[in-house]
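The two chains are supplied separately, each in an independent frame; assemble them into the complex guided by the hints.
Quick note, the sequences are listed as chains A and B, same order. Sequential numbering of the first sequence, starting at 1, is according to our numbering. Sequential numbering of the second sequence, starting at 1001, is according to our numbering.
Hints are all accurate, no fakes.
Derived pair list, reagent style DSS-like, types lysine-lysine, alpha-carbon separation capped at 27 Å: (1) A/K31 with A/K68; (2) B/K1031 with B/K1067; (3) B/K1067 with B/K1007; (4) B/K1031 with A/K31; (5) B/K1064 with B/K1031; (6) A/K31 with B/K1245; (7) B/K1067 with B/K1245; (8) A/K31 with B/K1261.
No lab work stands behind these hints, which were simulated from the structure alone.
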Amino acid sequence: MRIGVLALQGAFAEHAARFSSLGAETFEIRKAADLDGRFDGLVIPGGESTTMTKLLHDLGLFEILREKISGGFPVMGTCAGLIVLARRVEGGGPCLATMDITAVRNAYGRQLGSFETVAPFAGVGEVPMTFIRAPCVRDPGEGVEVLAVVNGRVVAVREGNQLALAFHPELDSDTRIHEFFLAMVAGN
Amino acid sequence: MTENRPKLNKELAQMLKGGVIMDVTTPEQAKIAEDAGACAVMALERIPADIRAAGGVSRMSDPKMIKGIQAAVSIPVMAKVRIGHFVEAQILEAIEIDYIDESEVLSPADDVYHIDKTQFQVPFVCGARNLGEALRRVAEGATMIRTKGEAGTGDVVQAVRHMRTMQSEIRMVAGMREDELYEAAKQFQVPYDLIRFVHENKKLPVVNFAAGGVATPADAALMMQLGAEGVFVGSGIFKSGNPAKRAAACVKAVTNYNNPKMLAELSEDLGAAMVGINAEEIAVLLAERGQ
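Extracted from the complex, chain B is given alone in its bound form (with noise of 0.2 Å):
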């Protein structure tokens, strides 16, 4: 039997795709996301929104509690550690995690190292606004990135940004000239093998999914469209009047999100989506940490 932990870890972000991830904290919720149609949910004490308006510090979640969501669903249970937190990342490697966030939503506990995601067995999901951002956390081990969005808004304009820049940056690079790939290199501040794939692949080399800020069917479909092979829905669907229908009918949204009669038919009577803040409107942007 041989051992080849990236690729396993990357292959398991294969089988999320096409599928919706969503926050949940409780176990009750969790079965709430797995009975509609979620492919991964991810464990945390406080939905961003909550994190955003409770302010303070705010932490990796209870193991405890992570563990009671493992026990009520069977789809892969993903959870948070602070950016930098490479112990918060042992502890959840040692509850046996299916993927570990790194992320921005929580306070940073490193102001300039990630976390050197080769050293787990384990695999990690990080957030990124662009492309160099994606190709560094890879470079650190990240087997899945995701848009940074803005979490805890509802509004999905910094997702979209996010989307859009990662996505013609790596049309530029394809489309450069072999001898300008060193330069490209240098410019995003990457290693030059990860620049030579997105060159050869037309894609990351791992897979890619749209996060923060998506509230409706519609901001999901709209992420698939400009290129996202799958979604988090994090306080969109817990905030919301009807996180059940919400929920399924997100995760139809995104297999069919290039069907816009479908997209009618589910949007409709979904009740109140979560009331959001615009992103422009925050004091701080969760979205600069970790670069």
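Isolated chain A, as found in the complex (with noise of 0.2 Å):
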């Protein structure tokens, strides 16, 4: 299995270990050129979503993987991924907008407001869950599985091969969320 990790800014380096861990090869994505060969999946990390949303533009790569995506190519945001894929944006634009649901960026404020907890994950059951100034979900359109909820707060969503977490699970050592994307992957 071939995991395209987009490493334009961010936390990449820690999913591509992550991913390699559990026996699937991984590579990095920093140009156009760089998605012409074959490949399963695609993570996008942890980072700046504002960052990353002007270099995807300025990259050309904004267009071959909304396309890909929305075609159903299994993907992961993490959250700066996760705004990434959101139609809607509180507090920002759209970026690839392929998943029917709103992100709230900076959702729990700033830096003080980062935090580490443990919380159901549908499926998988109790997992460490960081957040760090992340964002959550509201208003997660009809065909959108909430699979995650902190404080009443919707944090993990999965809409068709799109899977997108506000927290960070490449951080903590526990690795049943990347083996639930790779199964995801394999299930395509």
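Okay, here's the thing in structure tokens:
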């Protein structure tokens, strides 16, 4: 299995290391030519969504990725990646807009609002969750399955082959969320 | 809900990796930086080149000015305090700054002690010229390190020297026998457990950016190729002919730092770079503050 990790900015190395440890092959996506080879799944990591949005456009990746994801290509977005996938963005403009959710940017405020918790994730069980200046999900559309809720806020959703998380599974030692995504990719 | 601030604060720095943090003095400049793709901004009243030109005592910025920048952008906002000035840090924590830079660019408030950063909830980034300085700052609670370089010069030579020194010292520690680490801790004047971390992981325990004298996309890419995990660009942007274009070019250069063809394209037609001064021609070396 070959996973492309969007490596424009942010914590992409952590995702790549995790997928490698689970036996998947990974490669970094920094420009359009990097998308030429065959691959099975895409990861949009944490970082700054404004930076990634700007670079997706400037580096000619935006249209290619939007078409791919709209066509059902498996993708996992974490934190900034969730914002990049959201159709509606509170506190900013939408980016790829492939997922029928509203992303609320900086939903917990500034860095002092960052926190860790353990909460149930549908089909996986209790998992550690790290929220760093995190967004949350509002108004999930009809086709969107809610996978995790923390303090009344939706923090993990799935729509078709798109998985979006407000937290950072790549920062904790628990590997089950990445395995969950690999199973999604394998099932595609 | 658990609370592990040092871990969360290190992790915010991880989210900044591969990005450019830009010095800004007004909400308008902050917006230009955000639109150009900056992953964070450093709010300060005067950029280092002007601090250097003006001389005198340089202090923490007016909190009102910092709040104006916090209101203007959605990306993290950092601000500087003087070395050792823990009350300036308390003030920045009170306005919920995202990262405090305990910075040699401002006039030091304490010529012996740095701030005990473990006493704060907000994260700190500190400058370092070598592995010893970096690990001493980490021991004091810094959750991000940057090279000092020589701020406000537009001359990258010191940033290169500091990054090379740090990386070569990391390689040296990584290659040691385990029984040599005790002596290394003594030589570097740092706690043994931090030397041990470097030995085992071949890297600093926190994210390491480059700073001080970066003025062009090529400078930014150079620092990345030398091992920086991201870049601070201070005076280089808003002292140049076309700040918006230069800022965007630096952001792209940091993402594609290993792609000479793209670096060539984005180095074209950027207008005048900041004039700069040679680091050896200046009287006050900011990098020597706070060892």
